[in-house]
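Engineer: Hey, can you work out the whole structure from these sequences and the hints?
Number of protein chains: 6
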Amino acid sequence: MKKTSMVDVTPKPVVFREASAEGLLRLRPSTVRRIRRGEVEKGDPLEVARLAGILAAKNTSQFVALCHPLPLTHVDVAVDIADGRTVRVVSTVRAEAKTGVEMEALVAAATALLNVWDMVKKYEKDRGGQYPTAEILSLRVKKKFKGEP
Amino acid sequence: MKKTSMVDVTPKPVVFREASAEGLLRLRPSTVRRIRRGEVEKGDPLEVARLAGILAAKNTSQFVALCHPLPLTHVDVAVDIADGRTVRVVSTVRAEAKTGVEMEALVAAATALLNVWDMVKKYEKDRGGQYPTAEILSLRVKKKFKGEP
Amino acid sequence: MKKTSMVDVTPKPVVFREASAEGLLRLRPSTVRRIRRGEVEKGDPLEVARLAGILAAKNTSQFVALCHPLPLTHVDVAVDIADGRTVRVVSTVRAEAKTGVEMEALVAAATALLNVWDMVKKYEKDRGGQYPTAEILSLRVKKKFKGEP
Amino acid sequence: MKKTSMVDVTPKPVVFREASAEGLLRLRPSTVRRIRRGEVEKGDPLEVARLAGILAAKNTSQFVALCHPLPLTHVDVAVDIADGRTVRVVSTVRAEAKTGVEMEALVAAATALLNVWDMVKKYEKDRGGQYPTAEILSLRVKKKFKGEP
Amino acid sequence: MKKTSMVDVTPKPVVFREASAEGLLRLRPSTVRRIRRGEVEKGDPLEVARLAGILAAKNTSQFVALCHPLPLTHVDVAVDIADGRTVRVVSTVRAEAKTGVEMEALVAAATALLNVWDMVKKYEKDRGGQYPTAEILSLRVKKKFKGEP
Amino acid sequence: MKKTSMVDVTPKPVVFREASAEGLLRLRPSTVRRIRRGEVEKGDPLEVARLAGILAAKNTSQFVALCHPLPLTHVDVAVDIADGRTVRVVSTVRAEAKTGVEMEALVAAATALLNVWDMVKKYEKDRGGQYPTAEILSLRVKKKFKGEP
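Residue numbers (numbering that gives the first Met the number 0), protein chains in the order written: chain A, 0 to 148; chain B, 0 to 148; chain C, 0 to 148; chain D, 0 to 148; chain E, 0 to 148; chain F, 0 to 148.
Don't take each hint at face value.
Which copy is meant is left open, because identical chains are indistinguishable; a pair holds if it fits in one copy or across any two.
Unchecked claim - For lysine to aspartate or glutamate, the following DMTMM-like pairs were computed, each having C-alpha atoms within a straight-line distance of at most 25 Å:
id : residue 1 : residue 2
1  : Lys145    : Asp79
2  : Lys2      : Glu147
3  : Lys11     : Asp82
4  : Lys11     : Asp79
5  : Lys97     : Asp79
6  : Lys11     : Glu95
7  : Lys145    : Asp43
8  : Lys97     : Asp125
9  : Lys124    : Asp82
10 : Lys41     : Asp7
11 : Lys11     : Glu38
If you are wondering where the hints come from, they were derived from the structure by calculation, not from laboratory data.
Structural biologist: The following block contains the structure:
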């Protein structure tokens with residue numbers, strides 16, 4: 000087994016980097032209606048998700064163990080209702096850096112969805128206190144780009 | 000639209016809480032073989048994932064915006080190869096607290112999978128530098144429990 | 000000069016604690032109108048302020064050096080437009096703890112106001128890039144309470 | 000209402016940035032005398048304030064939600080007794096960066112004053128445990144500079 | 000090889016815990032004289048060390064991977080000049096918790112010594128920029144206690 | 000006494016920096032045998048130490064108070080059994096920066112050793128719950144380098 004180690008990016012050039020990630024969270028239709036109507040008691044899940052996603056992206060190197068700390072120049076987290084039972088997040092991260100920002104984009108999207116979940120979890124519990132419906136169904140890198148912006 | 004606010008858990012009793020979450024990450028069969036054979040250059044993704052998941056669970060209230068800080072008494076993150084193209088994580092979190100620990104379990108599982116992804120991303124890129132296969136296919140709360148341990 | 004030291008709260012009983020703090024940020028009337036009309040390019044400053052204030056309160060012991068880490072059970076951050084040139088924040092923090100939560104309330108209020116500032120700073124600069132108007136005019140503990148909730 | 004988003008600073012040039020902020024904390028004359036004489040039980044509030052302000056400036060992007068992480072090259076936090084009832088802090092922050100450092104300077108000054116407050120709060124309480132005097136009376140950007148150092 | 004896992008402390012009783020740790024940092028006699036005379040350009044290393052040690056103790060569970068987050072009720076970090084070439088730190092940590100606080104005491108002492116080192120490193124370099132003298136010579140748990148305070 | 004202040008590195012050039020640090024932790028021979036045989040209940044201390052050391056290096060500026068935040072390009076933490084009673088860690092840190100990375104290397108090494116200690120502390124306690132053997136015997140900068148890589 001190899002020893003854990005960070006990739007040495009010292010010799011790599013600083014170039015423009017961009018990555019976007021997409022995530023989908025399935026919820027009950029009644030929960031999605033609540034979000035749409037602004038009836039979630041804890042506030043607006045889409046707004047909280049955007050902000051929490053941005054903050055998390057900036058902290059990526061603290062919880063993805065082998066990520067390098069990167070000076071992000073842009074983080075955008077778009078959260079919307081994809082259909083009657085799905086919240087979708089699309090994150091975009093930019094930096095001029097020696098390594099890519101796809102982990103930052105994934106962290107932003109994952110954190111955004113987990114914040115939505117937290118805000119609506121009250122409406123997703125069944126009688127036994129379980130979550131039969133809520134599930135992140137997909138989280139993936141949409142696109143990665145390196146080169147001139 | 001409601002204003003963002005934390006639930007006031009002051010009047011709730013301190014009781015034993017447990018939650019487990021499960022997540023699945025799809026990878027290329029060749030990447031899964033590398034993990035199995037200990038041929039991942041950055042180290043052992045399953046081991047790193049376990050540790051990163053545990054650390055993240057302890058920080059849940061810093062990136063799930065409306066979560067209360069909880070004195071976790073146990074975090075377990077099991078990571079294994081589910082089948083020829085899937086890594087699975089099952090996290091378990093315990094606390095004696097006024098509110099549940101399902102968000103902590105989800106955060107642990109999500110972070111564990113993102114750490115696996117980071118460690119093997121080199122083997123998942125296609126010629127254009129994109130990730131056609133890698134995807135978190137599921138992340139959900141397996142079980143939530145409240146009461147006597 | 001005394002040596003820096005944390006107060007030893009070990010012998011103190013765990014009781015209900017509540018504190019609220021209030022802060023005022025003066026801005027240009029034109030900026031306050033922008034906030035009211037939802038015309039701030041970076042988003043809704045009041046919403047961002049609420050969330051950032053809640054998050055900061057949970058981290059108080061990391062930047063108020065001699066504060067004890069406390070298991071907060073509630074944080075509320077209300078942000079509104081007090082008058083044509085003033086944004087007001089009122090924070091409320093609760094915990095069952097051995098020491099008071101007034102520093103947490105102050106941290107929440109200060110952070111909320113600084114986030115408003117950051118979001119509107121573009122509209123507050125004069126031609127020389129200076130801020131002739133923006134100023135936190137007051138930040139104080141409104142009320143502190145200890146005992147039965 | 001606009002969606003929350005970070006400003007994209009990717010295309011901006013890296014230039015020298017400097018900002019200073021000033022804050023004033025009103026205290027009881029008896030408390031200010033204690034500080035002057037080195038009779039504060041928890042230690043020297045001015046010294047703790049300096050250090051806590053420096054540390055906070057480095058963490059600005061974690062609690063000002065839409066701030067970019069910046070590689071600060073200098074943080075100075077001067078704390079002194081302005082008059083018989085006022086502690087004053089003046090912070091100065093420098094960086095070579097794509098965006099200004101005024102939020103970092105404000106965060107340093109605010110945190111410094113909150114640390115002074117925390118250290119002397121024992122002497123500021125009235126019989127009812129309230130704080131009739133302690134108040135941050137002003138916090139503002141003194142000067143912002145961009146260009147050749 | 001066993002899988003990484005946190006000890007499950009759920010069933011353990013909450014009792015008073017105390018631990019103290021001691022560390023020794025060897026420096027050049029000329030550096031120790033500078034500290035004594037208040038001639039260190041970056042400030043007073045002993046004062047900075049005290050504060051940094053206290054802050055680090057509160058963050059122990061974030062960098063000792065398998066430590067439980069504990070509600071510390073007291074942290075004391077005493078730093079002095081032990082002899083003409085040695086700085087000594089003795090940390091004491093208290094909590095009412097399900098597990099001991101010796102790691103918190105060690106973290107406080109290690110961080111205090113590293114902060115002293117950072118502040119005087121300018122005076123410890125030889126012509127080649129190396130550190131022939133500076134060395135932490137000892138860091139150990141002095142005493143651990145569990146039971147009635 | 001001088002006031003606490005960060006060194007202003009603004010005018011310094013960005014150059015390649017490397018530093019390595021070495022630390023030694025003495026343990027009971029029986030504990031070292033356990034590590035060798037993979038019989039430590041909490042997992043593999045050497046693997047956890049590597050990862051925790053890497054993570055801590057990235058956070059250096061948060062707990063070494065006057066350190067500048069640096070964009071590390073490489074962190075390597077090698078942990079092995081030096082002899083029948085000693086665990087050794089050697090850390091290497093690289094960056095292109097205005098100031099050196101020796102504090103980052105020391106932080107990585109110290110954190111790695113403290114994580115080993117935490118994982119084996121169960122086997123190091125005597126009947127009275129004390130640690131007669133476990134001790135960090137040395138922590139020092141092995142080598143510092145500045146210039147062309």
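Engineer: My question is about lysine 41 and aspartate 7: at a cut-off of 25 Å on alpha-carbon distance, are they close within one copy, between copies, both, or neither?
Structural biologist: Result: close only across copies, 11 Å inter versus 44 Å intra.
Engineer: Go through the copies and call it for lysine 2 and glutamate 147: within, between, both or neither, with a Cα cutoff of 25 Å.
Structural biologist: Close neither inside one copy (35 Å) nor across copies (27 Å); limit 25 Å.
Engineer: First find the shortest C-alpha distance between lysine 11 and glutamate 95 inside one copy, then the shortest across copies, and answer within, between, both or neither for a cut-off of 25 Å.
Structural biologist: Classified as both; 12 Å inside a copy, 11 Å across copies.
Engineer: For lysine 11 vs glutamate 38, is the C-alpha pair at or below 25 Å within one copy, between two copies, both, or neither?
Structural biologist: Between copies, since 24 Å is at most 25 Å while 49 Å is not.
Engineer: If the cutoff is 25 Å on CA atoms, where do lysine 97 and aspartate 79 land: within, between, both or neither? Let me know, please.
Structural biologist: Neither. Shortest intra-copy (32 Å) and inter-copy (30 Å) distances fail the 25 Å Cα cut-off.
Engineer: Up to 25 Å between alpha-carbons, please classify lysine 97 paired with aspartate 125: within, between, both or neither.
Structural biologist: So lysine 97 and aspartate 125 pass the 25 Å test across copies only (20 Å; inside, 47 Å).
Engineer: Since the copies are identical, ignore which copy is meant and state whether lysine 145 and aspartate 43 lie within 25 Å (CA to CA) inside a copy, between copies, both or neither.
Structural biologist: So lysine 145 and aspartate 43 fail the 25 Å test inside a copy (35 Å) and across (28 Å) alike.
Engineer: At most 25 Å between alpha carbons: which applies to lysine 124 and aspartate 82, within, between, both or neither?
Structural biologist: Within one copy only: 21 Å inside, 30 Å across.
Engineer: Reference check for the pair lysine 11 and aspartate 82, CA-CA at most 25 Å: within, between, both, or neither?
Structural biologist: neither (42 Å within a copy, 36 Å between copies)
Engineer: For lysine 11 vs aspartate 79, is the C-alpha pair at or below 25 Å within one copy, between two copies, both, or neither?
Structural biologist: Result: close neither inside a copy nor across copies, 37 Å intra and 30 Å inter.
Engineer: I want to check one pair: lysine 145 and aspartate 79. Are their C-alpha atoms no more than 25 Å apart within a copy, between two copies, both, or neither?
Structural biologist: For lysine 145 and aspartate 79, neither the intra-copy (27 Å) nor the inter-copy (33 Å) Cα distance is at most 25 Å.
In summary, the structure is inconsistent with hints 1, 2, 3, 4, 5 and 7 from the numbered list given earlier, while agreeing with the others.
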